[in-house]
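J.: Sequence order for the protein chains is A and B.
Take 1 as the starting number for the first sequence in our numbering and just add one per residue.
Take 1 as the starting number for the second sequence in our numbering and just add one per residue.
For the record, the hints were derived by calculation from the structure and aren't laboratory data.
Check the hints yourself; a few may be wrong.
Reference excerpt, derived from the structure (chain A facing chain B, CB under 8 Å, subset only) [what the hints assert, rightly or not]: (1) 10; (2) 11; (3) 13; (4) 126; (5) 141; (6) 145; (7) 148; (8) 194; (9) 223; (10) 234.
Ideal Cβ positions, reconstructed from N, Cα and C, are used throughout, including at glycine.
There are 2 protein chains.
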Amino acid sequence: MPRELSAIRAARPTAVNLPWAIDRMSNVIARIEAEDAGRVGSARVAACRRALLEEARRIDQEDVDACRALGRHGAALLTNGDTVLTHCNAGALATAGRGTALAVVYEAVENGKRIQVVSDETRPLLQGARLTAWECQKMGVPVTVICDNAAGWILAQGKVQCIIVGADRIAANGDVANKIGTYPLAVLAREHGIPFYVAAPTSTLDLTIASGREIPIEERAAEEVTHPRGTQIAPDGVSAMNPAFDVTPAHLISAIITEKGIVRPPYDLAKKLGTSPPKAEVRE
Amino acid sequence: MPRELSAIRAARPTAVNLPWAIDRMSNVIARIEAEDAGRVGSARVAACRRALLEEARRIDQEDVDACRALGRHGAALLTNGDTVLTHCNAGALATAGRGTALAVVYEAVENGKRIQVVSDETRPLLQGARLTAWECQKMGVPVTVICDNAAGWILAQGKVQCIIVGADRIAANGDVANKIGTYPLAVLAREHGIPFYVAAPTSTLDLTIASGREIPIEERAAEEVTHPRGTQIAPDGVSAMNPAFDVTPAHLISAIITEKGIVRPPYDLAKKLGTSPPKAEVRE
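Could you put together the complete structure from these sequences and hints?
T.: Rendered as structure tokens:
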């Protein structure tokens with residue numbers, strides 16, 4: 001693999017979609033090189049560029065379709081009048097399509113259901129306050145921003161009917177890596193007897209790892225904690241930990257919503273999602 | 001009660017220490033007025049001022065003593081090498097003495113134990129990042145700041161041996177109101193089998209209420225969420241909820257550390273802490 005691709009592939013250790021897409025592009029290069037071994041350099045480069053662009057457009061369209069399809073599957077889980085709590089941004093701003101967790105909300109709203117969103121601000125990078133709130137406003141979905149700290153109390157007040165989040169990597173056993181702060185929400189959802197859903201395309205699935213214990217968690221710069229948006233909030237020289245993701249164990253997840261259908265426990269994902277076409281039992 | 005005192009008394013609905021102190025000052029005024037009914041105005045005012053200053057100094061000294069005493073009781077709960085997670089600021093900056101949760105840490109350190117603190121930044125007002133981190137640095141206690149979102153994952157890694165927080169009001173059944181985000185920590189502590197301690201002087205006890213359901217939760221300005229430290233982080237016009245406190249049910253609390261001793265469940269606090277001198281069974 002060319003050095004530039006390897007660099008991009010390794011840029012973010014936790015999420016699996018980026019290496020997955022890089023591998024698809026890399027396979028195109030390998031195929032062209034094998035097929036066109038006889039051609040002169042410039043013709044081979046031109047063929048390679050065309051094939052890469054085609055593959056990129058295919059990935060883009062597949063993601064658009066996957067977002068749409070998983071939104072349709074997931075919308076059936078929402079009831080008219082529901083308030084959905086979400087974390088980080090798992091919407092149109094984070095995907096080629098209309099998103100994952102938010103696609104479920106958008107589809108339910110388009111089906112005529114009144115749905116409200118509560119968006120965790122999602123420290124340190126505040127994707128919930130900056131992106132999810134903006135996106136919901138644009139889509140005409142009522143949205144309320146809260147500090148991450150307030151989610152537990154708002155659940156305790158009975159104000160939320162379900163939690164839906166996206167995913168950065170899903171292990172074969174259903175363990176899910178997602179934005180830091182997701183795992184506590186899953187624990188709180190169980191505490192309050194409300195469903196905790198993960199919405200993700202099957203490109204997020206990593207069947208090469210048996211469980212979430214094998215998912216590396218990216219540790220990011222301390223300044224994201226100590227200097228949010230450039231403003232210093234902690235004293236000089238204080239140390240900070242900044243894990244960017246956490247792992248939610250499968251036993252806390254009520255269902256995984258994919259473009260192939262909704263998967264319920266037990267999460268034998270190699271069997272339920274690893275083959276193509278999708279097995280009928282995953283559809284609800 | 002004079003109008004100024006009533007205004008201060010009602011300024012913050014959740015915490016009970018402020019009305020408690022106002023009531024003590026108010027009782028001084030009532031006593032002087034009753035005793036000195038015969039004196040002329042100016043002499044009565046002078047007597048009243050002297051008595052109020054005395055009472056204020058008494059409250060101050062009592063708080064210093066209570067912080068010191070509860071620190072001593074609590075220090076016995078910590079083991080050499082422990083990492084303690086705390087939330088908000090429950091230290092010298094928040095009390096007349098050396099604090100509550102942090103007093104426990106300081107005392108253990110002075111007893112020769114190596115203790116580290118993990119400080120939740122504590123959105124929205126960031127008391128953990130701004131105050132607790134600064135105070136621990138000044139006291140020479142190693143401290144690491146994390147986003148509130150990271151607490152669950154750090155507990156899951158086994159990096160924390162106990163959680164200690166302060167309290168704004170404790171009901172007769174042991175339910176505890178404290179800074180928003182405390183309740184999720186208690187749920188997570190139980191999930192990971194580590195103790196969750198509340199450290200507070202008995203002036204925080206409100207025996208007039210049977211449970212936490214009767215504690216009013218202060219809802220503060222949305223701008224604390226949408227404009228932290230004056231920087232806008234959410235789109236114009238988005239709504240926000242900003243409950244400043246939450247209630248942790250007594251069944252999630254391993255012990256309450258007071259100046260009279262350590263109280264374990266069952267929290268029949270009227271019996272265990274409501275009398276003076278303290279009952280022997282609360283000491284450990």
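J.: Now tell me, hint by hint, if it's right for this structure.
T.: Results of checking the hints against the structure:
1. At about 22 Å, the closest approach between the beta carbon of residue 10/A and any beta carbon in chain B exceeds 8 Å, and the interface hint on this residue is violated.
2. Against a cut-off of 8 Å between C-beta atoms, the interface hint on residue 11/A is violated, since the closest Cβ of chain B lies about 21 Å away.
3. Restraint check, residue 13/A versus chain B: the minimum CB separation of about 15 Å is more than 8 Å; hint violated.
4. About 5 Å separates the beta-carbon of residue 126/A from the nearest beta-carbon of chain B, less than 8 Å, and the hint is met.
5. This hint is violated: residue 141/A has a C-beta 12 Å from the nearest C-beta of chain B, more than the 8 Å allowed.
6. Contact between residue 145/A and chain B, as hinted, is supported at the beta carbon level, the nearest pair being about 5 Å apart and thus within 8 Å.
7. At a threshold of 8 Å, the smallest CB-CB gap from residue 148/A to chain B is about 5 Å, leaving the interface hint in force.
8. Taking 8 Å as the C-beta cut-off, the interface hint given for residue 194/A is violated, the closest approach to chain B being about 14 Å.
9. About 11 Å separates the beta-carbon of residue 223/A from the nearest beta-carbon of chain B, more than 8 Å, and the hint is not met.
10. Taken as an interface hint, residue 234/A checks out: its beta carbon lies about 4 Å from the nearest beta carbon of chain B, inside 8 Å.
The structure fails to meet hints 1, 2, 3, 5, 8 and 9 from the earlier list, while all remaining hints are met.
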